[in-house]
Amino acid sequence: MKPIPAVLASVLLGASSGLLAAERAIDTSRSTLSAVFTQMGVPVEAPFKRFSGRVDHDPAKPADAKATLDIDTASFDIGDDDYNAEVRKPEWFDSAHYPKATFTATGLKPAADGSFEATGTLVLKGRKAELKAPVTVKAEAGGSRYSGVVTMSRKAFGIGDPAWDGTVEDPVKIKFQLFVPAAR
Amino acid sequence: MTMPSPPVPADRYTTTAIALHWLIALLIVGGFVVGLYMTGLKLSPDKLKLYSWHKWSGMTVLALAVLRLVWRGRHPPPPPLPGQPRWQLQAAHAAHLALYGLIVAVPMSGWLYSSASGYPVVYFGIKALQLPDLVDKNKELAALLKEVHEWLNWTMAALVTMHAAAAVKHQLIDRDGTLARMLPWRHRHRSA
Ligand code: HEM
Numbered sequence: 062m063k064p065i066p067a068v069l070a071s072v073l074l075g076a077s078s079g080l081l082a083a084e085r086a087i088d089t090s091r092s093t094l095s096a097v098f099t100q101m102g103v104p105v106e107a108p109f110k111r112f113s114g115r116v117d118h119d120p121a122k123p124a125d126a127k128a129t130l131d132i133d134t135a136s137f138d139i140g141d142d143d144y145n146a147e148v149r150k151p152e153w154f155d156s157a158h159y160p161k162a163t164f165t166a167t168g169l170k171p172a173a174d175g176s177f178e179a180t181g182t183l184v185l186k187g188r189k190a191e192l193k194a195p196v197t198v199k200a201e202a203g204g205s206r207y208s209g210v211v212t213m214s215r216k217a218f219g220i221g222d223p224a225w226d227g228t229v230e231d232p233v234k235i236k237f238q239l240f241v242p243a244a245r
Numbered sequence: 026m027t028m029p030s031p032p033v034p035a036d037r038y039t040t041t042a043i044a045l046h047w048l049i050a051l052l053i054v055g056g057f058v059v060g061l062y063m064t065g066l067k068l069s070p071d072k073l074k075l076y077s078w079h080k081w082s083g084m085t086v087l088a089l090a091v092l093r094l095v096w097r098g099r100h101p102p103p104p105p106l107p108g109q110p111r112w113q114l115q116a117a118h119a120a121h122l123a124l125y126g127l128i129v130a131v132p133m134s135g136w137l138y139s140s141a142s143g144y145p146v147v148y149f150g151i152k153a154l155q156l157p158d159l160v161d162k163n164k165e166l167a168a169l170l171k172e173v174h175e176w177l178n179w180t181m182a183a184l185v186t187m188h189a190a191a192a193v194k195h196q197l198i199d200r201d202g203t204l205a206r207m208l209p210w211r212h213r214h215r216s217a
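If you read the protein sequences in the order shown, they are chains U and S.
Just so you know, the first sequence maps onto residues 62 to 245 in the numbering used here.
Just so you know, the second sequence maps onto residues 26 to 217 in the numbering used here.
FYI, nobody ran anything at the bench for these hints, they're computed from the structure.
Small disclaimer: the values here were computed from a predicted structure and weren't measured.
Any given hint could turn out to be false.
Capping the alpha-carbon separation at 25 Å, the derived lysine-lysine pairs in DSS-like fashion look like this [to be verified]: (1) K152(S) to K110(U); (2) K110(U) to K162(S); (3) K67(S) to K236(U); (4) K216(U) to K162(S); (5) K150(U) to K72(S); (6) K234(U) to K74(S); (7) K234(U) to K127(U); (8) K234(U) to K164(S); (9) K150(U) to K67(S); (10) K110(U) to K216(U); (11) K234(U) to K194(S); (12) K189(U) to K161(U); (13) K236(U) to K164(S); (14) K110(U) to K170(U); (15) K199(U) to K150(U); (16) K216(U) to K193(U).
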């Protein structure tokens, strides 16, 4: 016979995993996250190569939906070593001190066209700001895809060397396509 | 004592052809020098500005080159001055054909390279003038197109040098007035 605490633990764990069955990890191999910045009027899109996150979304209760996204700022890849070194400097992401950016969303507000608005908090370079992101949810084989584009101000987070202000615009678009496998 | 100036043929290129010739010449020499200089700079806002100006002037060359070809199709150039050896006429003709091809191919290769690198061309930074990407972003293709752009440029530089040397030879050695047909100003006949 198993000792009582072990039985209790397994029951509790079983129960809690049942309870949290809706929380699932983002399948990053089938997801993309990128930023589009504008230099000399030219839109340049570059991906974050490393990020992870979880989504807890019961379609019946969108208001209770939760999601977190952790982004490795040093994984931003503009496709050129000089650029990548520049953007990791203290004036930009300061990846040495702030390796991670985190977006935490709570609640999906249904919009007229069947999409949602996610409200969340972005913590980036030690600064915090609220961000509202439009999200469309699409069922796909094996799960759902959450995608959208949100525009933010890089300067609001202290990102950018002022010497570049005439060259790189302040608004930056974040594009996300997150695939979340269905609960088994 | 007066130097006899070369005889001036009545037959000149049209004013439009002359304007296009010298405008394109100015822009390709400028674009070439800026192109060589900018690639060696380390990343800075000024480097990006030079890249942009390089692309804008190059796209201007492309537009002018198309205009020039259309114009050339409708306005045949004056016939070559008499008394030139056959090989020279053939060489000149071949060089002119190649130069027409290159003033299109050089900027096209730059545009293709920029597209493949993931940088759309936005003419003068005006968003409404964003040009279509000719190919999708592709690292290997970009590396190849960079080589092509450089190689076409060195070919064009060699031809432009020969072309200019030939014009100087016409003027100073042959003294045959060939250059005057393409100069924006008219030489006056001075009586000897
Ligand atoms: C008449 C037109 C043009 C001329 C004469 C020209 C000339 C040059 C030259 C001489 C270089 C340096 C090559 C080397 O390093 O050996 C260069 C580089 C370059 N050109 Fe052009 N170009 C022209 C048009 C364009 C256009 C239209 C674009 C893009 C829209 C363009 C994009 C570039 C880029 C991005 C480089 C940098 C190559 C690198 O990464 O090293 N060019 N060009």
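* To do: Any hints from earlier that this structure breaks? Give me their numbers in increasing order, please.
  => 1, 3, 4, 11, 14 and 15
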